[in-house]
Amino acid sequence: MAAENASGGGHGFDPMHQFEIQRILPLNIGGLDVSFTNSALFMVIVVIAVSLMTIASMSGRALVPGRMQSIAELSYEFVANMVRENAGSAGMKFFPFVFTLFMFILFANMIGMIPFSFTVTSHIIVTFVLALVVFVGVTIVGFIKHGAGFLRLFAPSGAPMVLMPLLIVIEVISYLTRPVSLSVRLFANMLAGHTMLKVFASFVVMLGVWGGWLPLAAMVAFTGLEFLVAFLQAYVFAILTCIYLNDALHMHH
Amino acid sequence: MRKRSGADDPDAKPADLDSRRQALGDLLEGARKRNDPPPESTARGSALGTAFKVATEFLAGLLVGGGMGWYLDKWLGTGPFLFLLFFALGAAAGMLNVIRHAIRMNRDVQDEIAKSDGEHRHEAGRRSRS
Numbered sequence: 027m028a029a030e031n032a033s034g035g036g037h038g039f040d041p042m043h044q045f046e047i048q049r050i051l052p053l054n055i056g057g058l059d060v061s062f063t064n065s066a067l068f069m070v071i072v073v074i075a076v077s078l079m080t081i082a083s084m085s086g087r088a089l090v091p092g093r094m095q096s097i098a099e100l101s102y103e104f105v106a107n108m109v110r111e112n113a114g115s116a117g118m119k120f121f122p123f124v125f126t127l128f129m130f131i132l133f134a135n136m137i138g139m140i141p142f143s144f145t146v147t148s149h150i151i152v153t154f155v156l157a158l159v160v161f162v163g164v165t166i167v168g169f170i171k172h173g174a175g176f177l178r179l180f181a182p183s184g185a186p187m188v189l190m191p192l193l194i195v196i197e198v199i200s201y202l203t204r205p206v207s208l209s210v211r212l213f214a215n216m217l218a219g220h221t222m223l224k225v226f227a228s229f230v231v232m233l234g235v236w237g238g239w240l241p242l243a244a245m246v247a248f249t250g251l252e253f254l255v256a257f258l259q260a261y262v263f264a265i266l267t268c269i270y271l272n273d274a275l276h277m278h279h
Numbered sequence: 109m110r111k112r113s114g115a116d117d118p119d120a121k122p123a124d125l126d127s128r129r130q131a132l133g134d135l136l137e138g139a140r141k142r143n144d145p146p147p148e149s150t151a152r153g154s155a156l157g158t159a160f161k162v163a164t165e166f167l168a169g170l171l172v173g174g175g176m177g178w179y180l181d182k183w184l185g186t187g188p189f190l191f192l193l194f195f196a197l198g199a200a201a202g203m204l205n206v207i208r209h210a211i212r213m214n215r216d217v218q219d220e221i222a223k224s225d226g227e228h229r230h231e232a233g234r235r236s237r238s
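Residue numbers (this note's numbering), protein chains in the order written: chain B, 27 to 279; chain P, 109 to 238.
Possibly wrong hints are sitting among the right ones.
Lysine to any residue pairs mimicking SDA-like chemistry, simulated, CA-CA at most 20 Å apart [claimed, not checked]:
| # | chain 1 | residue 1 | chain 2 | residue 2 |
| --- | --- | --- | --- | --- |
| 1 | P | Lys-223 | B | Glu-111 |
| 2 | B | Lys-224 | B | Glu-111 |
| 3 | P | Lys-161 | P | Leu-204 |
| 4 | B | Lys-224 | B | Val-155 |
| 5 | P | Lys-161 | B | Phe-154 |
| 6 | P | Lys-223 | P | Leu-135 |
| 7 | P | Lys-161 | B | Tyr-261 |
| 8 | P | Lys-161 | B | Phe-161 |
| 9 | P | Lys-161 | B | Asn-112 |
| 10 | P | Lys-161 | B | Ile-140 |
| 11 | P | Lys-161 | B | Val-90 |
Quick caveat, the hints were computed from the structure, so don't treat them as lab data. Computed from a prediction, not measured in an experiment: that's the story for all the values here.
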């Protein structure tokens with residue numbers, strides 16, 4: 027990737043080039059730019075890949091699962107256990123949502139690790155919308171489940187009445203930070219990781235045959251680390267969704 | 109060892125069979141737990157990740173508080189005062205998030221310690237029994 031940049035560009039090396047949005051199919055509806063971009067293309071690829079993995083590999087329904095069926099079953103069980111442990115059996119109603127979310131983020135992160143591909147989750151608007159869906163959904167679930175009583179979430183029990191106004195404002199802000207911290211975490215991890223990979227790759231090219239081996243070795247290690255981060259961030263996103271769901275379903279926490 | 113002792117007494121009573129099945133269940137459970145550590149431990153594996161998580165929690169508080177104050181100021185035209193106030197409140201909310209996060213992490217660690225403790229005791233007990 028860096029080699030292509032250094033030789034082809036001619037105007038120096040730009041580690042952020044990989045995050046640029048390119049319009050593949052320019053579209054403009056009512057003054058809104060709804061072009062089909064490389065980001066959209068990779069989202070479609072992610073959805074197709076997830077669907078293929080889960081639907082096609084399960085089509086055999088073998089009693090003794092094959093390789094692909096094992097992967098599908100393992101991911102199902104992994105997420106099912108996560109939801110059950112963190113949100114209780116009442117949270118299992120939301121399993122399809124959490125599973126979709128987890129698989130989408132996991133595949134977006136993993137497909138982003140393929141050279142020359144685009145990492146959908148490295149854009150804050152994508153992760154922010156994902157987090158916002160979780161946030162709004164969880165809030166609605168809370169209000170449906172507890173009615174106006176859900177507002178008690180913002181009133182810490184056992185606090186003196188004088189401090190109540192201040193504490194409620196702080197609690198509300200704390201509640202509102204959820205989508206921000208959720209999205210910033212995923213986006214920043216992906217952005218930082220991919221930028222770091224690119225910068226180290228450029229070191230390999232710059233130092234050439236003699237000095238390039240050290241950063242190359244570091245690259246190998248970082249690539250492994252990035253795969254771990256790709257999985258971990260999907261996991262963290264999904265588990266925090268479960269924890270928020272749990273807060274909304276069982277309010278005494 | 110356990111297998112042989114089980115196969116060696118064919119005149120085992122049903123009650124004994126039950127307890128043996130229980131023991132086998134425990135054994136399987138233990139083996140399963142040893143073989144796949146909970147994903148939580150991998151999550152905590154990277155201290156950098158944890159530090160980053162805590163930092164984002166705090167940063168998000170500042171961002172939301174500051175943003176709220178800024179928009180309220182713009183809306184009400186109250187100079188920089190609401191921004192400053194809400195920035196401070198945002199910092200407090202961020203700190204609250206950090207503390208909650210730390211409490212959750214602490215609880216997870218303690219859970220794990222208790223679990224592995226119990227497992228060790230369990231194993232020791234099994235060894236002394238056989």
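Right, here's what the structure says about each hint:
| no. | hint | result |
| --- | --- | --- |
| 1 | Lys-223(P) to Glu-111(B) | holds (15 Å) |
| 2 | Lys-224(B) to Glu-111(B) | violated (38 Å) |
| 3 | Lys-161(P) to Leu-204(P) | holds (14 Å) |
| 4 | Lys-224(B) to Val-155(B) | violated (27 Å) |
| 5 | Lys-161(P) to Phe-154(B) | holds (16 Å) |
| 6 | Lys-223(P) to Leu-135(P) | holds (15 Å) |
| 7 | Lys-161(P) to Tyr-261(B) | holds (13 Å) |
| 8 | Lys-161(P) to Phe-161(B) | holds (18 Å) |
| 9 | Lys-161(P) to Asn-112(B) | holds (19 Å) |
| 10 | Lys-161(P) to Ile-140(B) | violated (26 Å) |
| 11 | Lys-161(P) to Val-90(B) | violated (40 Å) |
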